[in-house]
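Visitor: Given chain A, work out where chain B should sit, using these hints.
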Amino acid sequence: MTTALLDARNISRRFGGLKAIDDVSFQLNEGEIVGLIGSNGAGKTTLVNLVTGHLKPSQGEISFRGQKITGRKPHELASRGLMRTFQIVQPFNALTGLDNVAAAAMFAGHSRSLSSAREQADAALSNLGISHCRDHLPIRMTLAERKRLELARAWVAKPRLLFLDEVNAGLNTGEIEGVLGMIRKIAAEGVAIVIIEHLMKVVKGLCPQLIVLHRGQLLASGPTDEIARNPSVIEAYLGTRGAAAMLGDKS
Amino acid sequence: MMSRARLAIAITAIGALACAGLPLILAGEPYLMRLVTMFSLLLVLAASWNIVGGFTGYPSFATGAFFGLGAYVAAILQAKGVDWRLALAAAGLAGGVLAAPVGYGVLRLRGHYFAVASLMLGTILKELTTGWSDLTGGGMGLTIAGAGGDPEVLASFALRISLALAVLTVLLGAAIKWSRLGFGLDCIRMNETAAAGIGVDAQKLKTYAFILSSIPAAVAGAVYAGWIGYIDPTDVYDVMWSVKPIVAVLLGGVGTILGPVVGAAIFVALEEIVWRNVLSFSAGGLGVLIVLLLLILPAGVLPSFVSRKARS
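Note that the protein sequences, when read in sequence, are chains A and B.
For the first sequence, counting from 1, position 198 maps to 198 in this note's numbering; every step adds exactly one.
Counting from 1 along the second sequence, just add 251 to a position and that's the residue number in this note's numbering.
Just so you know, not all the hints are guaranteed correct.
[What the hints assert, rightly or not] Far from chain B, by Cβ distances over 10 Å, these chain A residues were calculated:
#1 Gly16
#2 Lys19
#3 Gly205
#4 Gln217
#5 Gly239
#6 Ala245
[Claimed, not checked] Simulated coverage check for chain A against chain B, where a stretch passes if three residues somewhere in it have a Cβ under 8 Å from a Cβ of chain B:
#7 61 to 75
#8 86 to 99
By construction, these hints were calculated from the structure, which means they are not laboratory data.
Here the structure is a predicted model, which means the values were calculated and not measured.
The C-beta atom is built at its ideal place from N, Cα and C for all residues, glycine as well.
For reference, chain B alone in the conformation it holds in the complex:
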């Protein structure tokens, strides 16, 4: 097994290389650029879901809520002339601020109850956003000016930002997993009663995990809004923003550091293959493929591969 320091350095180095190199390599390839940007955004959501769903064992369906919130916060601020960097930071902050009370309340529930309650958050935000049309444009949506209108510059910029965010989120996951917080989350996932018995403040640690997981998801929404240039409630609060990251992590390896990376790559690749070949039944085809993969490799690709290697 690779040592922690080496793994962290490897993630950082590969990530930095990708951020610097890929926009140059892929220049003039808008399709591939779009694909890698989509992969990066999915990776951000997957790695952030992994903190709550994987490390802590609470199957959250709230990822899409934070994604949508981040998209709207950044879009509204940028429409008012706020600098994009500030807008991204504000989106992350808004995600964290919303996650604190919601997490503290909803994380008292377990299993199915928690899953359903977390799913409601996105629905509520979607209704609020649609209703508050003075601020959000309601069902008409919002347009974001973007990088001076040049699509190539914008695409390259979005690629770089989303890759960087993905690397940071994977590193955040590693930092949590290897920390005292991660050890506590491990105990909570395995046996919450026993965790309380040895002094683990489960309510506090779960809430921390929820907050830390919401921030990258919200920033991802902000990046997405700036990249696409137009958002409306049905797009950014789509439940698929909650479901896809879960599927990606299940494919890659739940609770592992690199599982989200592998899973997001497989997911994006599958999605593209299916879209190209069976357009008329694409969602169904994708679903069947995912179910098959999960049946063959229930622990996810990464753990199955690692344990097979360890056995041989």
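Pulled out of the complex, with its shape left as it was, chain A reads as follows:
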């Protein structure tokens, strides 16, 4: 059996008396796209924070590519190939679109020089269809463009695993289509992706596998079709109509 790309074992995180994450275990494999779903407050963002080093688990162990990473810092994980985007976009406000991406190529992507980092950034911007933002400051971009800019940063860093925290939040239908196209392009490079998402249409279209959190605990995980039929998931999160929508096209 090959080792998993990411292996989280029995991780918990307490905030005072609240168990935000309670004894959660899961594995991710190279190149797979997984949806992380659950109602508000289920612990999705906390779980991402724990895995990407922004929070330390109170208990449990996490390994990435066979090495223990529990308690490692975000910058170290980013340069080892474990990256994330933020629910609220985090651009560098005084850098142009190009340099926002070049910074990622430089530090997480290990570019030798600024000029080679900029070359990679330029390629990423045109590949992902936001070349027109090249010389703009983030303040002049739309929310959708800033979200795409974050994806471009992840693209040039060439991660092995990428967490996308509600990357579609606040976008309209057309903009979501554009972002989904970018996610597919990144995935096509063999990057494993975990998507936190509330829109079932997006989850169904993109993720063959799901992880469901409920009140800090792992409620279910497995192939999307199975999860949509899982009675406890239907009761806790999807509802009968949501489940029907997820299965709709296929049955």
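Guide: What follows is chain B alone, placed relative to chain A:
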């Protein structure tokens, strides 16, 4: 915009000319010599503060601590007969060695907390220096022999050394700003969370910036000690050594390469004008002038001038 190479060459050439020419031109003008030496020392402190306060966005009040430490290290060594060049190098080294652990610890704090913690360093060093009187002379201070006692030779020598140090510090700032380190510091200043997210080791880069900024400040203290010939804790650990460079950089342009040069020149000029005209209320007058300037040109003289030119 001038290319980087041309700017670096221009700074070096003008600096070399000034180092060679000014001591000759100003010979027999002790007042002007003193003024240019004061300007150069302030420029060293301003350009070094700019690395931490400007490029990195951490408002340090520790400049005076490194200045004082450098002054004492050099004075004590020279009193023991060590060559002045070695004494200056040792002062810089002492600054860097102290900055490494202090920076690593204190740079975890942000904003006001960082500012206050960095301010404490000077206070602690001042108390230690006063208390350790066997080595430092305590409150009595220390006298440095100087260049064989000839005040004119010493003045010309101090002018040349402080100008050279100022040029080197400005070039150091440029080298940092244009390097991978400078790019990382930019990211840290704008958004430290996002910087960590793209693999920037903020703690390490901030500490590097702090160390690199402390070294010129400590050497400046050493030059000052040799120039003035007598130091005591209340003089070299005066908080004004931390405040003046900040004001100079704010006046000139925070985070720019030439901002410290412009700002230090304005500051020294203002200080002289105010001292001459309103001696009885000089500190207050200077303060009012600075506040007015900062209100009119909040980004500093240099960026305001450059952007106005770019618009027209």
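Visitor: None of the hints should be skipped; say for each whether it holds.
Guide: Against the structure, the hints:
At roughly 23 Å, the least C-beta separation between Gly16/A and chain B is larger than 10 Å, which holds for a residue marked as non-interface. No Cβ of chain B approaches the Cβ of Lys19/A within 10 Å, the least distance being about 25 Å, so the stated non-interface status holds. A cut-off of 10 Å between C-beta atoms confirms that Gly205/A is not in contact with chain B; the least separation is 27 Å. Chain B leaves Gln217/A outside its interface by the beta-carbon criterion, the shortest separation being 27 Å against a cut-off of 10 Å.
Chain B leaves Gly239/A outside its interface by the beta-carbon criterion, the shortest separation being 34 Å against a cut-off of 10 Å. Once the 10 Å rule is applied to beta carbons, Ala245/A is consistent with being away from chain B; the minimum gap is 33 Å. Only residues whose C-beta sits within less than 8 Å of a C-beta in chain B count toward coverage, and the region 61 to 75 of chain A has 3 of them, enough to reach three; the restraint holds. Proximity of the region 86 to 99 of chain A to chain B, defined as three or more residues with a beta carbon under 8 Å from a beta carbon of that chain, is established by the 7 residues found.
Violated hints for the displayed structure: none, as all numbered hints are satisfied.
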